[in-house]
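Put together the whole structure using the sequences plus the hints.
The listed protein sequences correspond, in order, to chains S and B.
Each number in the numbering used here comes from the position in the first sequence (counting from 1) with 3 added on.
Just so you know, the numbering used here puts 26 at position 35 of the second sequence, and the rest follows in order with no gaps.
Simulated from the structure, these hints should not be mistaken for lab results.
In this text, a Cβ means the ideal position worked out from N, Cα and C, and glycines have one as well.
Please note that a few of the clues may not be correct.
Pairs of lysine-lysine, PhoX-like flavour, derived with a Cα cap of 20 Å [as the list claims (entries may be wrong)]:
| # | chain 1 | residue 1 | chain 2 | residue 2 |
| --- | --- | --- | --- | --- |
| 1 | B | Lys95 | B | Lys151 |
| 2 | B | Lys79 | S | Lys141 |
| 3 | S | Lys161 | B | Lys79 |
Here are some chain B residues the structure puts well away from chain S; computed CB gaps all over 10 Å [what the hints assert, rightly or not]:
| # | residue |
| --- | --- |
| 4 | Thr14 |
| 5 | Thr15 |
| 6 | Ile20 |
| 7 | Arg25 |
| 8 | Ser27 |
| 9 | Leu28 |
| 10 | Asp51 |
| 11 | Glu58 |
| 12 | Gln90 |
| 13 | Val109 |
| 14 | Cys132 |
| 15 | Arg222 |
| 16 | Thr224 |
| 17 | Lys230 |
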Amino acid sequence: MAVDLPSLMTSLKARFGDDVLGHAVFREQYVVRIRRGANLPLLRFLRDDAGFDMLTDVTCVDSLSLPQDMQADYPERFAVVYQLYSVPHNERLRVKAYVPEEPCEIDSVTPLWEAANWGEREVYDMYGVVFKGHPDLKRILMPDGYEGHPLRKDYPLKGRGERDRFQKYTEIPPR
Amino acid sequence: MAGETDTSRSGPQKHGGSGYITTTVDALINWGRRNSLWPMPFGTACCAIEMMATLASRYDLARFGAEVIRFSPRQSDLMIVSGRVCLKMMPVLIEIYNQMPEPKWCISMGACASTGGVFDTYTMIQGVDQFIPVDVYIPGCPPRPESLIDAVMLIQERIKRGERQTKLYDRTRHPLDFAPLALVSGAVEGAPVLTGSRHSLPGKDVPFQEQSFGPPERIVTHVERTQAAQRGTQAEQQKSP
Ligand code: SF4
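Given below as structure tokens:
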């Protein structure tokens, strides 16, 4: 039995009202667009009542350099993306929660899925989105002393000089 | 004439038929060193696959006396940097290089280790020779095993000639972490990186000032040397009749 995704969209809208900004269908893939405040209750509803019991990925989109017509889809700069999978129904669903530049934070979904732990750490590392309630929010890929979040579109591709700042081997001066 | 020393050679000399040789201690030690190079494989990416192929039976680096791969830097004297080195790996590379006993040599294998290759991004070191001394560079992406063998033979030849890494390097003045961003020109200490507002920091192009060793000398490859030798013999043959 497959999930009836169109009617699920209607019931989400009825249940969460204004927090659901809408949904989109792209090549039969359903995307729910929500406000960031609703991510915990909505994902809990999807997990417990709609059968989407597995979180396959947490990632993020920075809309800064998107073309103008695509930016219309982004009420805020960042979108934290949750990829859900329903094992009993073999269905997938994508949830996008929009996060502004300031304050750049959203509730962590680690209470729902342990799997969100490292994904959220990666999003924090690369985009600087702070996940409130995360048990151990620290960098996962970049070195600890690193400053900045390199996957933000306004971060220079070649970095800000970090890669050239190691100390060089210095010659021992002749005695 | 039997028993006469050929002074043009510095290796072990055989005298007559009486079964003894004379040599200098340096020449003997260098003979041992060049024929038992113990590589430290610093394989971080796809080039390492080619390095493994070189070590395996088809190309068999053991034929050149360099088969004892040591994963302990304390026991090795030839570092083979094969692959990309990123911001987080560079302190590890420096630490391992520091731990190797001298005399030591270093091969930078492939485009990435030598120049950063196609990965011109914030996290890639644009050539390990910026920070550690490199003796032989191998071009290619990835280089063929023959190139790595050629590089090892070049190193062997340098040892045979009694060459060391000509410069000694100060290991004590070598902190392992990168400098704080405040040292990068244009960056302000405590700048609110988290705000996400566009920061107008300059890109990479922070010039390197303290150049403490010059560009590497041009290294004549094995092929060039053989060709030169062949040309020399041909010229002699043409002259002699
Ligand atoms: S030079 Fe090519 S083969 Fe070698 S590490 Fe770089 S990308 Fe991989």
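Evaluated hints:
1. The suggested pairing of lysine 95/B with lysine 151/B holds, with an alpha-carbon distance near 14 Å, which does not exceed 20 Å.
2. Restraint check: the Cα-Cα separation between lysine 79/B and lysine 141/S comes to about 15 Å, which is no more than 20 Å; the hinted pair holds.
3. Of the pairs offered as hints, the one joining lysine 161/S and lysine 79/B holds, with about 16 Å between alpha carbons and a cut-off of 20 Å not exceeded.
4. Chain S leaves threonine 14/B outside its interface by the beta-carbon criterion, the shortest separation being 30 Å against a cut-off of 10 Å.
5. The Cβ of threonine 15/B lies farther than 10 Å from every Cβ of chain S, with a closest approach of about 25 Å, so its non-interface assignment holds.
6. The Cβ of isoleucine 20/B sits about 22 Å from the closest Cβ of chain S, beyond the 10 Å cut-off, so the non-interface label holds.
7. Against chain S, the non-interface label of arginine 25/B holds: every CB pair exceeds 10 Å, the least being about 24 Å.
8. For serine 27/B, the shortest C-beta to C-beta distance to chain S comes to about 26 Å, beyond the 10 Å cut-off, and the non-interface label holds.
9. Every C-beta of chain S lies more than 10 Å from that of leucine 28/B, the closest at about 21 Å, which supports listing it as non-interface.
10. Listed as a non-interface residue, aspartate 51/B keeps its Cβ farther than 10 Å from every Cβ of chain S; the least gap is roughly 33 Å.
11. Glutamate 58/B, annotated as away from the interface, keeps every beta carbon of chain S farther than 10 Å; the closest lies near 29 Å.
12. Listed as outside the interface, glutamine 90/B is consistent with that label: its C-beta sits roughly 14 Å from the nearest C-beta of chain S, beyond the 10 Å cut-off.
13. No Cβ of chain S approaches the Cβ of valine 109/B within 10 Å, the least distance being about 13 Å, so the stated non-interface status holds.
14. For cysteine 132/B, the non-interface assignment is confirmed: its Cβ lies about 20 Å from the closest Cβ of chain S, beyond the 10 Å cut-off.
15. At roughly 37 Å, the least C-beta separation between arginine 222/B and chain S is larger than 10 Å, which holds for a residue marked as non-interface.
16. A cut-off of 10 Å between C-beta atoms confirms that threonine 224/B is not in contact with chain S; the least separation is 41 Å.
17. Every C-beta of chain S lies more than 10 Å from that of lysine 230/B, the closest at about 45 Å, which supports listing it as non-interface.
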